[in-house]
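Chain by chain, the residues run as shown.
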Amino acid sequence: MFLLCSSLHRFEISPIVTAMAVLFSRGKVLIGLIYSTPLIALFLIWSILLGGVERIITFIALMSVGFLILGLKPEEVAYALMFFRIPPKIAYAICISMRFLRIAFEDLRNLLGILSIECRGFRRYSMLLKALTSISILRSFSIAESLYSRNFDLNKRIVLVRKPKIIDFLLLASSIFVFVLSLLLL
Amino acid sequence: MIYLKDVSYTYPNGVRALRDVSLKVEENTFIGGLTGSGKSTLLRVFNGLIPNFYGGKLDGTVRIYQRPYLVFQNADEQIIFNTVFDELAIHAYQIGKDLRDVRRIADRLGIELNKEVQKLSDGEKRILTIACALLGSNFVALDEPFANLHPSIAREILKLLIKNAELVIISEHRFEFCRDFDFIWLEDGRISSFNITEPKVKVRGSCGGTALRVEDLCFGYDSPLLKDVTFEVNRGEVCAVVGRNGCGKTTLLKLIAGILKPWSGNVDVRGRIGICLSTPNYHLFADSVFEEVGIDMMKLFELERFANRNPHSLSFGQAKRVAIAKAFKGEVVLLDEPTAGQDYTFKFKLIEIARRLGKTVLIATHDYKILEWCDVVVEL
Numbered sequence: 000m001f002l003l004c005s006s007l008h009r010f011e012i013s014p015i016v017t018a019m020a021v022l023f024s025r026g027k028v029l030i031g032l033i034y035s036t037p038l039i040a041l042f043l044i045w046s047i048l049l050g051g052v053e054r055i056i057t058f059i060a061l062m063s064v065g066f067l068i069l070g071l072k073p074e075e076v077a078y079a080l081m082f083f084r085i086p087p088k089i090a091y092a093i094c095i096s097m098r099f100l101r102i103a104f105e106d107l108r109n110l111l112g113i114l115s116i117e118c119r120g121f122r123r124y125s126m127l128l129k130a131l132t133s134i135s136i137l138r139s140f141s142i143a144e145s146l147y148s149r150n151f152d153l154n155k156r157i158v159l160v161r162k163p164k165i166i167d168f169l170l171l172a173s174s175i176f177v178f179v180l181s182l183l184l185l
Numbered sequence: 000m001i002y003l004k005d006v007s008y009t010y011p012n013g014v015r016a017l018r019d020v021s022l023k024v025e026e027n028t029f030i031g032g033l034t035g036s037g038k039s040t041l042l043r044v045f046n047g048l049i050p051n052f053y054g055g056k057l058d059g060t061v062r063i064y065q066r067p068y069l070v071f072q073n074a075d076e077q078i079i080f081n082t083v084f085d086e087l088a089i090h091a092y093q094i095g096k097d098l099r100d101v102r103r104i105a106d107r108l109g110i111e112l113n114k115e116v117q118k119l120s121d122g123e124k125r126i127l128t129i130a131c132a133l134l135g136s137n138f139v140a141l142d143e144p145f146a147n148l149h150p151s152i153a154r155e156i157l158k159l160l161i162k163n164a165e166l167v168i169i170s171e172h173r174f175e176f177c178r179d180f181d182f183i184w185l186e187d188g189r190i191s192s193f194n195i196t197e198p199k200v201k202v203r204g205s206c207g208g209t210a211l212r213v214e215d216l217c218f219g220y221d222s223p224l225l226k227d228v229t230f231e232v233n234r235g236e237v238c239a240v241v242g243r244n245g246c247g248k249t250t251l252l253k254l255i256a257g258i259l260k261p262w263s264g265n266v267d268v269r270g271r272i273g274i275c276l277s278t279p280n281y282h283l284f285a286d287s288v289f290e291e292v293g294i295d296m297m298k299l300f301e302l303e304r305f306a307n308r309n310p311h312s313l314s315f316g317q318a319k320r321v322a323i324a325k326a327f328k329g330e331v332v333l334l335d336e337p338t339a340g341q342d343y344t345f346k347f348k349l350i351e352i353a354r355r356l357g358k359t360v361l362i363a364t365h366d367y368k369i370l371e372w373c374d375v376v377v378e379l
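So the sequences go chain by chain: A and B. Numbering that gives the first Met the number 0 applies: residue 0 is where the first sequence begins, and numbers increase by one. Numbering that gives the first Met the number 0 applies: residue 0 is where the second sequence begins, and numbers increase by one.
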């Protein structure tokens, strides 16, 4: 992802980056882009007014990489970090933190659903904020309690339990290629 | 394995949870007691969470020769990783087991390893936490393990636990699972003698017009889950929704409440909806229990002693009861596993309150005892 983002200093590379993001996310990025059409249209008008379409191409590429990152699962990030020799202790700590973010998102979705029945108007959002804060604090406490009760120790032997697949190596190789290409174009 | 002598414990917020508890655990033990009697606290003492994690004041003598693996009351609070595979595999590596053990236990319990935790039902999450316990611990303590489980799955798991572990301690409200266990009854933090009498329940509800009609309802997440569900509940009736874990009971409640939109079919609800899902804190927004439910519901559900407490500071069972009381403010009440975290007598009380207030109640449950008093049973 870092390589893809770094390549975006050359707008000629942007379509390749977008295509790669769409391809490797199996269409998820495309759905994200479709949902962002109003924002893209706004940016398109702005870039036309400023006299250059290259900005919009780069913007779409940047959004595509963003959606690709958003679509990643925490464990994929953890295993990728471990593949690049980041200590498992750090990788798993990141993985657990990201799980917490997912829980918070799930809590938000459930609270919104329940509040849509219980009350209307602006008050709903103040109640949402209050409940979400309280639930998040309780959740973080629970995760800590769970780790403690299970004697979870990041210093213990943790083995890489999932090996990268061919598609992962393919993404890595194409990212390096795009990055090198953008450097050559400088 | 465990020896306690005159153990008393007070939480940091001043709540006294255990009083002069003396016991010896050497055989498989079943701990019973009313909600808030100190069962979960006792299991935390066994596991060492009390006092090491919770703090507070612990008096008396505690001797634990082997620390048990503790399965929490709320499975959602125990799962650390995002996928079923990671949750089992990383725990397996931590305790010196390998992937063969993970696959063996997953096959035995019918767990799909490639699923994401978020897509599991409450019961499936519960099975996952028990699977972690079964992976390699020979001493297991479980806090209400069967609350979200279909009886046949619960019996299967109980058999596995007894076969695989040297010592099992279970804290439960469903006494049908306590055979072949030593029995401890807790009351107000003390060991006491078992005293529960089954109150009589008025069997039929008062029937008026239709309060809820579900017609040809279809819904799914990644794949279809509910297909052509049709039923009708009259005003004042109590309806139970039953089925195996992951069959869509909670989803059905969410569809009736309007939280989810059906793929096809109709839901017609006549009256204001009150809902209580399995996580009670989703329903609690006020600063005190009194503000949340009001004086009448507080009396009906025996919540007076928590009147000034913040609902989020209560235990799972207590918060669940507050959320149920709040749901009863609606005319059509939707309850997801209302007996989870509640004592044995609560199910009688729940039906009795529903009858007395003339509410239309829909209960998604695995507690088959409650079916005896329901007017309508919907099996998914």
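To be clear, the hints were calculated from the coordinates, so they are not data collected in a lab. Among these hints, one or two may not hold up.
As the list claims (entries may be wrong) - Quick look at which bits of chain A chain B covers, simulated, 3 or more residues with Cβ under 8 Å:
| no. | segment |
| --- | --- |
| 1 | 20-31 |
| 2 | 39-45 |
| 3 | 52-59 |
| 4 | 121-132 |
| 5 | 170-180 |
What the hints assert, rightly or not - Estimated spans, in silico, between C-beta atoms of each pair:
| no. | chain 1 | residue 1 | chain 2 | residue 2 | range |
| --- | --- | --- | --- | --- | --- |
| 6 | A | L182 | B | P50 | 28 to 36 Å |
| 7 | B | K162 | A | G120 | 34 to 42 Å |
| 8 | B | E290 | A | S139 | 20 to 28 Å |
| 9 | A | G120 | B | D19 | 20 to 28 Å |
| 10 | B | E155 | A | G70 | 35 to 43 Å |
| 11 | A | S139 | B | R154 | 18 to 26 Å |
| 12 | A | R101 | B | E303 | 32 to 40 Å |
The beta-carbon is built from N, C-alpha and C at its ideal position, and this holds for glycine as well.
Cross-check of the supplied hints:
For the segment 20-31 of chain A, the assignment as covered by chain B is violated, since 0 residues bring a beta-carbon within under 8 Å of that chain's beta-carbons and 3 are needed. Counting residues of the segment 39-45 of chain A whose beta-carbon sits less than 8 Å from any beta-carbon of chain B gives 0, not enough to reach three: the coverage restraint is violated. Here's how the segment 52-59 of chain A fares: 0 of its residues keep a CB closer than 8 Å to some CB of chain B, so the rule of at least three is not met and the hint is violated. Counting residues of the segment 121-132 of chain A whose CB falls under 8 Å from any CB of chain B gives 3; the rule of at least 3 is met.
With 0 residues having a Cβ less than 8 Å from any Cβ of chain B, the segment 170-180 of chain A misses the three-residue criterion, and the hint is violated. Roughly 59 Å separates the CB atoms of L182 (chain A) and P50 (chain B), a value that falls outside the hinted 28 to 36 Å. Taking the beta carbon of each, K162 (chain B) and G120 (chain A) are about 56 Å apart, not inside 34 to 42 Å as hinted. At about 26 Å, the beta-carbon gap between E290 (chain B) and S139 (chain A) stays in the expected band of 20 to 28 Å.
Against the hinted window of 20 to 28 Å, the Cβ-Cβ separation of G120 (chain A) and D19 (chain B) comes to about 52 Å, which falls outside the hint. The beta-carbon spacing between E155 (chain B) and G70 (chain A), approximately 37 Å, falls within the hinted interval of 35 to 43 Å. Between S139 (chain A) and R154 (chain B) the beta carbon distance is about 35 Å. The supplied range of 18 to 26 Å is therefore violated. In this structure the supplied range 32 to 40 Å holds for R101 (chain A) paired with E303 (chain B), their Cβ-Cβ distance being about 38 Å.
Hints 1, 2, 3, 5, 6, 7, 9 and 11 from the earlier list are contradicted by this structure; the remaining hints agree with it.
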